[in-house]
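Peer 1: Starting from the known structure of chain A, fit chains B, C and D onto it as the hints suggest.
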Amino acid sequence: MHFAFTDEQLALRDATRDLLTKECTPAHVRDAWTNAAGRVPGLWEQLDAMGVVGLLAPEATGGLGLDFVDLVLVLEETGRHAVPEPIVETAAYGAPLVGRAGVTIAASEWYVPWADSADVIFTAAGRFERAGVTLVPHPSVDGARRLFEVQGTATAVDGDGVLAAYDRGVCGIAAQQCGLADRMLQLTADYVRERRQFGVPVGSFQAVKHHLANARIALEFARPLVYRAAASIAAEHPDTSVHVSMAKSKADAAALQTARVALQCHGAIGYTTEYDLHLYLKRSWALARSWGDAAFHRGRVSRAIL
Amino acid sequence: MHFAFTDEQLALRDATRDLLTKECTPAHVRDAWTNAAGRVPGLWEQLDAMGVVGLLAPEATGGLGLDFVDLVLVLEETGRHAVPEPIVETAAYGAPLVGRAGVTIAASEWYVPWADSADVIFTAAGRFERAGVTLVPHPSVDGARRLFEVQGTATAVDGDGVLAAYDRGVCGIAAQQCGLADRMLQLTADYVRERRQFGVPVGSFQAVKHHLANARIALEFARPLVYRAAASIAAEHPDTSVHVSMAKSKADAAALQTARVALQCHGAIGYTTEYDLHLYLKRSWALARSWGDAAFHRGRVSRAIL
Amino acid sequence: MDLSESAAEQQFRAECRSWLEAHVPRPALPSGDTRAGFAAHLEWERTLFDARYAVVSWPREYGGREASLWEWLIFEEEYYAAGAPQRVTQNGIFLLAPTIFEFGTQEQKDYVLPKMAAGEHTWCQGWSEPNAGSDLAGIQSRATRDEAGGGWRLSGQKTWTTRGAFCTHLFGLFRSDPEAERHRGLTYFLVALDQPGITVRPVERLDGDEGFAEVFFDDVFVPDADVLGEPNEGWAVAMATTGSERGLTLRSPGRFMATARRLIELARTRTDELDETRRDRLVSAWIDAEAYRWQTFWTVTRAAQGMKSGAESSMVKVFWSELDIELHELALDLLGRHAELLDGDDAAWMKGYEFALAGPIYAGTNEIQRNVIAERVLGLPRK
Amino acid sequence: MDLSESAAEQQFRAECRSWLEAHVPRPALPSGDTRAGFAAHLEWERTLFDARYAVVSWPREYGGREASLWEWLIFEEEYYAAGAPQRVTQNGIFLLAPTIFEFGTQEQKDYVLPKMAAGEHTWCQGWSEPNAGSDLAGIQSRATRDEAGGGWRLSGQKTWTTRGAFCTHLFGLFRSDPEAERHRGLTYFLVALDQPGITVRPVERLDGDEGFAEVFFDDVFVPDADVLGEPNEGWAVAMATTGSERGLTLRSPGRFMATARRLIELARTRTDELDETRRDRLVSAWIDAEAYRWQTFWTVTRAAQGMKSGAESSMVKVFWSELDIELHELALDLLGRHAELLDGDDAAWMKGYEFALAGPIYAGTNEIQRNVIAERVLGLPRK
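Protein chains in written order, with our numbering: chain A, 10 to 315; chain B, 10 to 315; chain C, 135 to 517; chain D, 135 to 517.
Okay, chain A solo, but in the shape it has when bound (with noise of 0.2 Å):
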């Protein structure tokens, strides 16, 4: 038994970090959200050339040939930065399932984020290739999400396939709401140590501690449940769909705690766009109730348990 990631595993996240620290600012997402892409440009083609996008993908189709242990902290850093980007759909979903890398892939049950700039998209009828599509926009709360309805003849899809491609997207999603939970904690904890209300930091509040310790915790028993997940993923594990639901679940309820509170400890400003908390807030919104909520993944837990 043994917990832990390698440091090759480490060094890839910190790599991308570094590149989503400086390729994917606040700035970068409010760019997203009225430009005509709806994404950053250039970060998908640097993710790319990193590697992470086909991560999974066999070496001899230009991937990497690794294993979902590798890349669940990169699609955590994903969620840290609110990456506008068909990251989880293409590397952890789709790369597997169309078998090879170099291939944009969006996914969605119904609404599809950036599909308009996918090559093959996937939805609950089937597969679509981008070309034969016609797609109907929708506005997302998250302007850095842009939705649409696919319309066109879908190609059914290997049952299987389809069922491990769902849980490497939801455990996918999943440690992006815990990136996006981390951010959101750390963008407060800042806050509240610089603003100062009746000549204390707001921070030094005990009602504010206590909101923000709660959330700690939420996170800190949630993470172990993704990267287990991720494991039972890389290992096919018998029970992979129960241990990724378990891990949608407890992310979900973290990142939708730390916005709460976020907000809450940081009063107006973080109501204001003009601030960045938002561009995080919406994006945990939008997750938790996409690739199923933290009530459908109890469900199959449910099923399993009881």
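It is worth saying that the hints were derived from the structure and are not from the lab.
Just so we're clear, the structure is a prediction, and the values are computed from it rather than from any experiment.
Hints should not be assumed to be uniformly reliable.
[As the list claims (entries may be wrong)] Here are some, though not all, of the chain C residues that point toward chain B, as calculated from beta-carbon distances under 8 Å:
| no. | residue |
| --- | --- |
| 1 | 135 |
| 2 | 398 |
| 3 | 413 |
| 4 | 436 |
| 5 | 439 |
[Claimed, not checked] Derived DEER-like restraints, expressed as beta-carbon distance ranges:
| no. | chain 1 | residue 1 | chain 2 | residue 2 | range |
| --- | --- | --- | --- | --- | --- |
| 6 | D | 482 | B | 146 | 18 to 26 Å |
| 7 | B | 245 | C | 141 | 14 to 22 Å |
| 8 | B | 313 | D | 152 | 51 to 59 Å |
[Said to hold, decoys possible] A few chain A residues that don't get close to chain D, going by computed Cβ distances all over 12 Å:
| no. | residue |
| --- | --- |
| 9 | 27 |
| 10 | 39 |
| 11 | 45 |
| 12 | 52 |
| 13 | 105 |
| 14 | 138 |
| 15 | 143 |
| 16 | 160 |
| 17 | 164 |
| 18 | 167 |
| 19 | 173 |
Think of the CB as a built atom: it goes at the ideal place given N, C-alpha and C, for glycine as much as any other residue.
Peer 2: Chains B, C and D alone, transformed into the frame defined by chain A:
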């Protein structure tokens, strides 16, 4: 629309409170844990002499012929003082059912408190005369609630009468939960004002303040539902059962939340039986799961609104 | 105790209902927190005013009907049940007006109230500053005496001013005696925003509307006639207002009963998402809305008997703000993958959720309210 | 990352399981927090010791098997899965022993540890005092120097001493330098309770057991040999212990996994009470127990890599104490009207609930823990 009690109703409450403050002290309740009858010697007679036991019974039978609005504040006081007597069972549930005063009544779906000192016993099976039954005792976590299973032959009781009686009983328990919550809050507020740690009163810590403030809020919004349910009973409102169920579910929640924070804010001393808090804690635990718990009563409301 | 409505009250309810059915704009107006929506809302306010429904509880000479607290609650229930628009005039009507009635001169009443009721003058609140949020007494904006002009000169910055970009007037506190201790030395001013020296910068809110504004004052003259209450007594005057903001007047039960009813309708259309757990949450939220309604009736009866309510208003504020969030959160859970959409009818729930999230923050954070409850209701030590 | 058990670990698990199946007393022993139950438990402790299961992670010379942290966790999982009795020796083994290993002299190790492992000496904790609960540094019990005797004389009162009425020895802090600032001037003593000057008064706990005691010291002599660590350095020594009390060693995941499994069994027998809402709570509680287990594995891996864990132990303590309450509260809700009964097999749930309620209070209240998390993990300012 006038949602307040009359001076007479408040005077009766105050008289009851004065009596119980003298004759049903924590020492009296402790005695009921261990004495033969499991009750407070003489207290029943004094309550009866005040008229509260037969308050709803027809005047012709020695009752006061008053209505449930006159009774509800009295029952709240019996909760505040953790009165170990079948007052809800007799005054609220039974007296109108048997149609006269002067009868001591015990009642419960299954485990019947104080059945050994009742003249008439009601259970899910129907009505029993004390003379004709065998009582199988069961210890309760609340030592001042002696429970009994009733064995014998029951006579059926008119269904509508029983439903109305049940609603009166539930509302009476809800009123007692409000009294218990208030008592636990008071006890705790008094303690944290005096108890000092780190050189200051424990009650000056924001975490303690917020625990108790939340409990106080729960009580603030439970009480009006109890009084409203009492009015519906008195007016034979067609939705009485729904109003009563709303009252029980909120009163239970307020009492359980208060019990939890009262113990937490006391710390270890509240965890000893030498200190009085446990007398009220345990009563609130027991009542929360008597006469239908909050989930059961939300179910009754659910069927009415959904 | 009599929980039935009098014949007169029933008739008033019937009148309100039929008038609202006939006049509530369909389709719903755009958000009143945008420039276009604000204008549309002012038309509606005018319609209300002409029918004497703008300020039912006010004296007739100011456009009201001298309605009782009960009638006001009935109007509110019917107003929100009818799905009528938010009141863009509410900060004037519910926050400033009570203070004017209590502290205003006859001239101020005669000038301010009718125009406010008619929506001719729209009032925004000038409390918060960059360094005075929860800590209202931290106000730094200055009012310096101008003897020659017979008034004061205001300088400084107000922030988080709701609808400040669209309103014509602002009421707020300025520090008129820099020497005095925090709560002292503040004066309550009524200020027209269309004057030299005032700059208003719209600020976008979480929901994307420009519902906030920063208001900058650079040596703005205000005559003595526009001081509300005594100079340097502004704190006491303002507290009356924040009291009503937290308490009864700002959030009548009708709002939450209406939201709860809409939520039940939504639940009926979302049976796939309506598992037992959510059904139970829905029932709990409904019961809470009922509890809020009956606690209000309880308080109103006491008020009608002339009893003053104090720190209870803090309990009320915490309760409705959390109820409002739970109602909307539950709606989003029922909407599931549709929750994040900003198009379609259901998008109102996300916007409502974003609005609800402000509840525990403004009008004194819920953390401050809980301190007040512990100290004033339960008697716990401040330090 | 490899989440599978090694062959050796699997074999150790199998050994533990079969031995426990063969030896765990049936029916369950009476509560170890009563005099009679305590005696019965000591027999069981002796059985464990003879089979080298009393202190698996200790060195062989003290009765252990030098088990790894992983093996210890495996033993704990099997121990609680088998429904084996609570460990009445746990405060010695889990709270004092780690401190002895870290700070004890060779003589202290050789004398204290084997007798502790064998249950021959039973140790209770002497931290709290009437005026030193959460505020441990408020300790007032005094230790005055006795040069002639070559030791110290203890006077004062300790309280909330778990099983103090049945134990043979006490470890605790006394103020040896009244001049020194709060956290300084404390000394850590090991005291035999069968001496003149010591009075032990049993105190009844919420659940009716005499599980607490007050211990009075009147000029009790303790030789220098029974000082743990340096005189006046007791605070640092004690903190090591409270760390382990909060953290890993006191509450292994096996306990909560076992409770969660029993809860699922209960739920299967209480289908009338098992509505969807409770099913959902049950699933959440199960997931939390799993989360606790995997967070522990995460921490243990770091420990095995030689990383020290600090304030994380505060997060662990808050989490397990709230999980324990939720597990038992849910059981009581499933038991419904049977929940209050103190007879029958299900009565264990109420007793367990009462015990669980102590979790957020002892070993540093959860309020204190949250302060620690905010300050040490999130870096918020103390004042």
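Peer 1: For every hint, state whether the structure bears it out.
Peer 2: Outcome of the hint check:
Because the beta carbon of residue 135 (chain C) sits about 5 Å from the nearest beta carbon in chain B, less than 8 Å, this interface hint is met. Because the closest C-beta pair between residue 398 (chain C) and chain B is about 6 Å apart, less than 8 Å, the hint holds. The beta carbon of residue 413 (chain C) comes within 6 Å of a beta carbon in chain B, closer than 8 Å, and the hint placing it at the interface holds. The closest approach between the C-beta of residue 436 (chain C) and any C-beta of chain B is roughly 7 Å, which is under the 8 Å cut-off, so the hint is satisfied.
For the restraint placing residue 439 (chain C) at the interface with chain B, the shortest Cβ-Cβ distance is roughly 7 Å, inside the 8 Å limit, so the hint holds. Between residue 482 (chain D) and residue 146 (chain B) the beta carbons are some 20 Å apart, a value that agrees with the proposed interval 18 to 26 Å. Distance hint check: the CB atoms of residue 245 (chain B) and residue 141 (chain C) are about 21 Å apart, consistent with the given range 14 to 22 Å. The hinted range of 51 to 59 Å is satisfied by residue 313 (chain B) and residue 152 (chain D), whose Cβ atoms lie roughly 56 Å apart.
Distance to chain D confirms residue 27 (chain A) as a non-interface residue, since its nearest Cβ pair spans about 22 Å, more than 12 Å. Annotated as non-interface, residue 39 (chain A) keeps its C-beta farther than 12 Å from every C-beta of chain D; the closest such distance is 26 Å. Against chain D, the non-interface label of residue 45 (chain A) holds: every CB pair exceeds 12 Å, the least being about 39 Å. No beta-carbon of chain D is positioned within 12 Å of the beta-carbon of residue 52 (chain A); the least distance is around 28 Å.
Even its closest Cβ contact with chain D, about 19 Å, leaves residue 105 (chain A) beyond 12 Å, as expected for a residue assigned away from the interface. Annotated as non-interface, residue 138 (chain A) keeps its C-beta farther than 12 Å from every C-beta of chain D; the closest such distance is 36 Å. Annotated as non-interface, residue 143 (chain A) keeps its C-beta farther than 12 Å from every C-beta of chain D; the closest such distance is 39 Å. The beta carbon of residue 160 (chain A) is kept farther than 12 Å from every beta carbon of chain D, the shortest such distance being approximately 36 Å.
Distance to chain D confirms residue 164 (chain A) as a non-interface residue, since its nearest Cβ pair spans about 36 Å, more than 12 Å. With a closest Cβ-Cβ approach of about 28 Å to chain D, residue 167 (chain A) is found to remain outside the 12 Å limit, as its non-interface label requires. With a minimum CB-CB distance of about 18 Å to chain D, residue 173 (chain A) clears the 12 Å threshold, and the non-interface call stands.
The structure meets every hint from the earlier list without exception.
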